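Using the supplied hints, reconstruct the complex from the two chains, each of which is provided in its own coordinate frame.
Taken in order, these protein sequences are the chains called A and B. Each residue of the first sequence is one higher than the last, beginning at 1 in the working numbering. Each residue of the second sequence is one higher than the last, beginning at 1 in the working numbering.
Read the hints as simulated data drawn from the structure, not as lab findings. Every value quoted in this text rests on a predicted model; they were computed, and no experiment measured them. Heads up, a few of these hints could be off.
As a list, the in silico BS3-like pairs of lysine-lysine whose alpha-carbon atoms are at most 30 Å apart [unchecked claim]: (1) B/Lys257 <-> A/Lys118; (2) B/Lys281 <-> A/Lys175; (3) A/Lys114 <-> B/Lys90.
So the derived list for chain B, only partly shown, Cβ under 8 Å to chain A, looks like this [to be verified]: (4) Gln76; (5) Thr79; (6) Tyr80; (7) Thr88; (8) Asp91; (9) Leu185; (10) Leu188; (11) Ala258; (12) Pro276; (13) Arg277; (14) Ser279; (15) Lys284; (16) Phe290; (17) Ala291.
Note that the Cβ used here is the ideal one computed from N, Cα and C, for glycine as well.
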Amino acid sequence: MLRFDPGPRAVGALKAVIFVAALAPAARLAVAVAAFPEWLGTNPAEYITRSTGDWTLRFLLATLAVTPLRRLSGWHWLVRLRRMLGLFAYAYGVAHFASFVAFDHVFAVDEILKDIVKRPFITVGFAALVLMTPLALTSTNAMVRRLGGKRWAALHRLVYAIAVLGVVHFWMMVKRDVTEPAVYGLVLAVLLGYRVAVARGRARDAAAAQRAAPPVR
Amino acid sequence: MLIKRPDDTCPSEITPPEIYARRRELMKAAAAGSIVAAAGGLSSRGASAQGGGLAKLDGVRKSAYSTVEQPNTYRQITTYNNFYEFGTDKDDPARYADRLKVKPWTVVVEGEVRKPRTFGIEELVKLPLEERIYRLRCVEAWSMVIPWVGFEFRELAKLVEPTGNAKFVEFVTAYQPETMPGVRLPVLDWPYVEGLRIDEAMHPLTILAVGLYGEVLPNQCGAPIRLVVPWKYGFKSGKSIVRIRFTDKQPKTAWEKAAPHEYGFYSNVNPDVAHPRWSQKKEKRLPSLFATRDTVIFNGYGDQVASLYAGMDLKKNF
Numbered sequence: 001m002l003r004f005d006p007g008p009r010a011v012g013a014l015k016a017v018i019f020v021a022a023l024a025p026a027a028r029l030a031v032a033v034a035a036f037p038e039w040l041g042t043n044p045a046e047y048i049t050r051s052t053g054d055w056t057l058r059f060l061l062a063t064l065a066v067t068p069l070r071r072l073s074g075w076h077w078l079v080r081l082r083r084m085l086g087l088f089a090y091a092y093g094v095a096h097f098a099s100f101v102a103f104d105h106v107f108a109v110d111e112i113l114k115d116i117v118k119r120p121f122i123t124v125g126f127a128a129l130v131l132m133t134p135l136a137l138t139s140t141n142a143m144v145r146r147l148g149g150k151r152w153a154a155l156h157r158l159v160y161a162i163a164v165l166g167v168v169h170f171w172m173m174v175k176r177d178v179t180e181p182a183v184y185g186l187v188l189a190v191l192l193g194y195r196v197a198v199a200r201g202r203a204r205d206a207a208a209a210q211r212a213a214p215p216v217r
Numbered sequence: 001m002l003i004k005r006p007d008d009t010c011p012s013e014i015t016p017p018e019i020y021a022r023r024r025e026l027m028k029a030a031a032a033g034s035i036v037a038a039a040g041g042l043s044s045r046g047a048s049a050q051g052g053g054l055a056k057l058d059g060v061r062k063s064a065y066s067t068v069e070q071p072n073t074y075r076q077i078t079t080y081n082n083f084y085e086f087g088t089d090k091d092d093p094a095r096y097a098d099r100l101k102v103k104p105w106t107v108v109v110e111g112e113v114r115k116p117r118t119f120g121i122e123e124l125v126k127l128p129l130e131e132r133i134y135r136l137r138c139v140e141a142w143s144m145v146i147p148w149v150g151f152e153f154r155e156l157a158k159l160v161e162p163t164g165n166a167k168f169v170e171f172v173t174a175y176q177p178e179t180m181p182g183v184r185l186p187v188l189d190w191p192y193v194e195g196l197r198i199d200e201a202m203h204p205l206t207i208l209a210v211g212l213y214g215e216v217l218p219n220q221c222g223a224p225i226r227l228v229v230p231w232k233y234g235f236k237s238g239k240s241i242v243r244i245r246f247t248d249k250q251p252k253t254a255w256e257k258a259a260p261h262e263y264g265f266y267s268n269v270n271p272d273v274a275h276p277r278w279s280q281k282k283e284k285r286l287p288s289l290f291a292t293r294d295t296v297i298f299n300g301y302g303d304q305v306a307s308l309y310a311g312m313d314l315k316k317n318f
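The shape of chain B in the complex, shown without the other chains (with noise of 0.2 Å):
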């Protein structure tokens, strides 16, 4: 596949990171260092170090699938989630991820595969892990710049060597009633499970990310393991998943059950689709106020899937 460098928004029409965060890190850093060196005299993290104190990942390569744009701070990506299972609020996540049982944590894989298999979470870590700075783009008209670190779909594709009747990829996330308040309602049909084409799937922008600014996820992100595809409406990139099946149907997601005239299988990031709550045509880069930045098809990724879609009326099928 030809990998051309995506074309990127220039850094200096992005917001520089804000001073207010950088200000408050600082004294976080400074207070967290004060009750270390009470504790006993551990060395604090650097003020100016990006991450949530959680366990690095090694041997992570950079990626020229990179945008150059500015990440959102940690803070920012880590208390504004969408993750229903905690709640619906967007800082119910940061409140209640903790309790989430990571460990320890298989992925199945199965379905129209020659080899299935169980994967632990320490293997899949172990897979060739990259660097990959997306953009992410909500169905709600917002975006971020996310650091992920992950791995590329195929490679755990390859290991269970798909059949010819693999046409799409189903991935299932967590469900557990025990750590999950926000099951308790029937908001959507648990446990939550979105599908790609197998051609999606295997697109080598479609990851599976087992990191966040160089460190492993945090729960609220999807702990700890999530797809991401950056070209399409965040909710499509599901949180820790727990089985991955390989089918010739088309599976049914969970936003495609609760609203099927809303959120269609495929949910490419596009302007001309309005969704009945949101136009689409604009979007507002957190943290700024303003809905300024007009919405690029496939979330400007479009020299790279665009081709994925040939033929296709991306209306009809949205």
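This is chain A alone, in the form it adopts within the complex (with noise of 0.2 Å):
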């Protein structure tokens, strides 16, 4: 396994150009709409809607990527990287909500909602984004803390399920060619699919400890 091992000092510095680097596509958004629409063609809404739900699974991807990357690399530091990418994802899902709250409805509730009740595609959307909610919310150390390690991890699992919504609302949204949808949720097969082969392999090690007496070295 190649060893990579930084110091915290350099972890920092890693993540402060993730941080510019994750605020880049927003930027790239902001100045657009500002002063130069046509970056953005001829349905700008479309693309900053598209844009920010794209950001979103990218973002939600690249946080279950940590674990998988991490143990397989042996890369721990990775996971200092972890809170700051999952709080990009929502923050992606906020801006791509308030799009679709801004540009498609201009902000007529009693429209927003019965299009969250009655779109199957919205409602999972949304869904998703309620979740994330709360996992931004306990993302503090302090909320660490107060939750307790194991009762925090296991609201954190949330996550997994936020994922799919995540992918299915890509996948509904589209009208005939699911390519790219498709491409989202290959990644994310493989990356829960690594979490259920370690668990499996955990549970079958632990059964052969019991059957077998363990070896003596």
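The following block contains the structure:
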């Protein structure tokens, strides 16, 4: 395994770089809306909604990639990036929802509620955003302490359901060509499948350990 | 038939053409001009002229059916298209449709007609051409205003003389696997087929368009000939038509086959019939960010076409 163990300073610097990079898509959209709408093509609102939705899913997948990468590479410092990635997923999710509220419905609350109830792909997307909210709110160190590690971890397993809902939302949204949502779905399947495999392996090892006497070294 | 002037949105309601687009056009024209000058001195197009530098169409008359609303820019109309044969992203057609083989092009007109015939595109552009500035409403809840050039479908029908059995018209569009990257995926049942009831087809608003902004159609907009039915959602207006069949049976359209509960045969613009994905109450006039416009029944062409559907349940026959 490739050894790479940056010190706390280096990790901090890397975090800063990722933070700036993660803001870039949003900054580009903001600059475009303010001064260069032609960057966003003929339907700028759709561009913004699509792009913020895409980034929500990408950050969700990046968040879920931390654990497998960590295990496979032994780069345990990766976990220090996870909270930030998750919070970016939430921020882009909120921006995505805000673009729907502002552009598609121009803040008409009754129509927004009707859409959430009546259009299944919106229901699913909205559910994902709602479920992300407690995770974002309990992301601080103080909240981890208050909840206690086990309860906190149990709550944050919601991210699996959230990611599934996110991909399903995208899948239901496209009219015919499901290539793109299928790619996200495949990546998610690998990331979740890895966890299932690890859990199974553990259960098997435990069972084997019970059956046979532990080897003496 | 009584020809009424469409009752339009007043021009003051409409966002004026964006200055930024203008500015870029100027820059582009200047750049094109310098390239042309360097190449040896042909004159460049005027900076304010709209168009793509394609062949001009001759003898195009104005029409009372045109809206007075401000048309979208040539660039907006030609870079944001649904033409799934070239890919499902809106910018795919502009990127790939130049591959479409449009010469030679023939349109077979057959079925319940006395004089079935195959027309070359050269003959069709000699039919009485008019500029028709129409609103285009997409089922995806956005709209544009487009200055088509075309002839009324009924002018073509006259030449082939439909029989009494002609109750519907089926429009079959081009299928060119060698030029169309999108048909490799079974996104729809290719070739794309659309259909109209005969009275809808024969309505003077229904045109076969051969041009845009006074020029021949760019490929991504359905060159060299496409249907335009302005009171229906955009997907009813099939692109790059190769075969027109008059029939006694209602044609099965591509979108009906793909998702019968979402896309009906009629697909008239109707704010009261929701699509599973779009409520259809409002629409976004591109390039505006906000869906602030109320969707109007029959896309605002109700004065002309509502009588076609007298006594019909438009919610059932969506």
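Could you work out which earlier hints the structure fails to respect and list their numbers in ascending sequence?
none
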